[in-house]
Amino acid sequence: MSPSALNGEAAVGPEGPRQKSRSTIDTIRVGCIAMVEKDGQARRAEILSIRDTKSGRQFYCNFDNFNKRLDEWVPVKRIDFDQDVEWPNPEKDKPKDGKGKNSTAPKRKVIGNKAQKRPGKREQSVASEAVTPHPWPDFTDSQPQSKAPSTPRDLESKAGETPAANGDEMDVDEDESTLEVKKEGGFSREAEIEKLRTGGSMTQNPTELARIRNISKVQFGQWELFPWYFSPYPEAFTQEDVIFICEFCLSYYGDKKSFCRHRSKCTLQHPPGNEIYRDDYVSFFEIDGRRQRTWCRNLCLISKMFLDHKTLYYDVDPFLFYVMTQKTEKGHHLVGYFSKEKESADGYNVACILTLPQYQRKGFGRLLIQFSYELSKIEGKLGSPEKPLSDLGLLSYRQYWSENILELLLECNERDEKSSIEQISSTLAMTTQDVEHTLQALKMQVYHKGEHKLVIPESLIKQREKTKLKQKRFIAPERIQWKPPVFTASSRTWGW
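Here the numbering used here is used: the first residue of the sequence shown is 1, the next is one more, and so on.
The hints are simulated quantities; they were obtained by calculation from the structure and are not laboratory data. A couple of the hints might just be wrong.
[Unchecked claim] Beta-carbon label-pair distances, calculated as ranges: (1) Gly56 to Gly363: 37 to 43 Å; (2) Ser264 to Thr488: 37 to 43 Å; (3) Asp255 to Gln463: 49 to 55 Å; (4) Gly56 to Arg464: 53 to 59 Å; (5) Ala489 to Glu417: 24 to 30 Å; (6) Lys327 to Thr27: 52 to 58 Å; (7) Lys381 to Ala476: 18 to 24 Å; (8) Gln222 to Lys265: 37 to 43 Å.
[As the list claims (entries may be wrong)] Computed list of lysine-lysine pairs in DSBU-like fashion (alpha-carbon distance at most 30 Å, straight line): (9) Lys257 to Lys327; (10) Lys330 to Lys472; (11) Lys381 to Lys468; (12) Lys77 to Lys54; (13) Lys377 to Lys470; (14) Lys468 to Lys449; (15) Lys443 to Lys483; (16) Lys443 to Lys387.
Where is the CB? At the ideal position from N, CA and C, for every residue including glycine.
The task is simple: from the sequences and hints, build the whole structure.
Listed below in structure tokens is the structure:
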């Protein structure tokens, strides 16, 4: 700590007094809390990392009372050095832990790529997610939140609201046992975090906690995207102020001249697979990860920027990717996708699902979910998404389950037919567990005179009438041109 900091006044925080004094661009360091400009207003923020890029030095800031997605790399000019900086306590604030104690960002577990050793089947999942407890217990509390935010700015505070309280449903602290410093395979957890901080390269420690976002901005077609989370692009790309991604072949470039040269030669106008669905609004393409490895790997790198719970690995062979596009005169533009294991031991019909931020809150997520269940109906199987879902995915699935189950029950009631959980499950191709959890969360399952009965609250009937007034798009099952693919043993697994 600098001598000036020791002579400054103390600022009291949850972890005890912090020394306060003036700082400069050369003395400010990781763990300091400074006033940083955000949306034209100075806000208190903790410095989580520092890097030097082609445009100059940048600081990764976590803002008080802002969702983790709004953490960002800021240039020097946005930090107010005319105000005192709060210096980290040497014993209580350890910068190399990933985040300071005052940070509002929750702690998470993220699994990374391990290149030297061949992982087991469940570890290698490109689009599958780590096994964590079932996300249903908080269903009732968050059910009224029917719309998921599409961009980080949608999460910013409104009058009297704090995004930190309204943010990710899946943002839960890890157990104390998981936060212990471990050494696995010769890699120190602290050393891995320090390596991520300085380089942003792929981690080799599967027990790693949440990483700092390493890509500042992405130019994707006509859209400028601002990533929410870490994505393991090559280390050289973390030094760029913007990376350019071809919206058709998904190749990525750090130099605009190279990107323009590529675009002049790229002839791809749609995802490299079979078109299995088309209407006047969207199309779906089926892509085999074994046949189109490079394209699917690039898709996973893009999706990791917007999915915090997604586990991303290099080998995409065991997965099928169902990509939704919208067509213009230039070609089919990527809107979203879901991936699916060629052979799921647990019967999952979705491993990972994402709608790109620029298309969120427009009903595309519902179309992706419906399409996954339509494929399950064709297969004659019950489907369920792999857990845990991302926060926005969880909201979308809750809404889809609730609306479809309610609609089916009301139709049965109008026809004066009896219904059961098993009947609902088979009709909608949902697992009985998902159906039962939804009924319980909506308080539609009661125990009366020695037997379980399904009831429909009046409030839900009124809510259904309101939603029917909104114009919604649906997948037309008769337009799906698809048969369940059959794979040999070698094509279902990894290409070692």
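30 Å Cα cutoff - pair Lys330, Lys472: holds, 26 Å
Item to complete: Evaluate the given range 52 to 58 Å for the C-beta pair formed by Lys327 and Thr27.
Response: holds, 55 Å
**Report entry** 18 to 24 Å as the expected CB spacing between Ala476 and Lys381, which holds or is violated
**Finding:** Given range 18 to 24 Å: holds, Cβ gap about 21 Å.
Quiz item: Lys257 and Lys327: Cα distance at most 30 Å?
Solution: At roughly 27 Å apart (the allowed maximum being 30 Å), Lys327 and Lys257 satisfy the hint.
Check the hint pairing Lys381 with Lys468 against an upper bound of 30 Å on the C-alpha distance.
Roughly 29 Å separates the two Cα atoms, so the pair holds.
Check the hint pairing Lys443 with Lys387 against an upper bound of 30 Å on the C-alpha distance. holds, 23 Å
Check your understanding: Quick one, are Lys443 and Lys483 close enough, alpha carbons at most 30 Å?
Key -> Violated, because 38 Å separates the two Cα atoms, which is more than 30 Å.
With the threshold set at 30 Å, check whether the alpha-carbon distance from Lys377 to Lys470 stays at or below it. holds, 26 Å
### Task
Return holds or violated for the Cβ distance of Gln222 and Lys265 against the range 37 to 43 Å.
Once the Cβ atoms are compared, 20 Å apart, the range 37 to 43 Å for Lys265 and Gln222 is violated.
Using the C-beta atoms of Ser264 and Thr488, is the stated range 37 to 43 Å upheld?
holds, 40 Å
| task | Verify the proposed pairing of Lys468 with Lys449, using a straight-line Cα cut of 30 Å. | result | Not OK: Lys468 and Lys449 at ~34 Å, beyond 30 Å, violated.
Q: State, for the Cβ atoms of Asp255 and Gln463, whether the hinted interval 49 to 55 Å holds or is violated.
A: 52 Å Cβ-Cβ, so the 49 to 55 Å window holds.
Comparing the model with each numbered hint stated earlier shows that hints 5, 8, 14, 15 do not hold.
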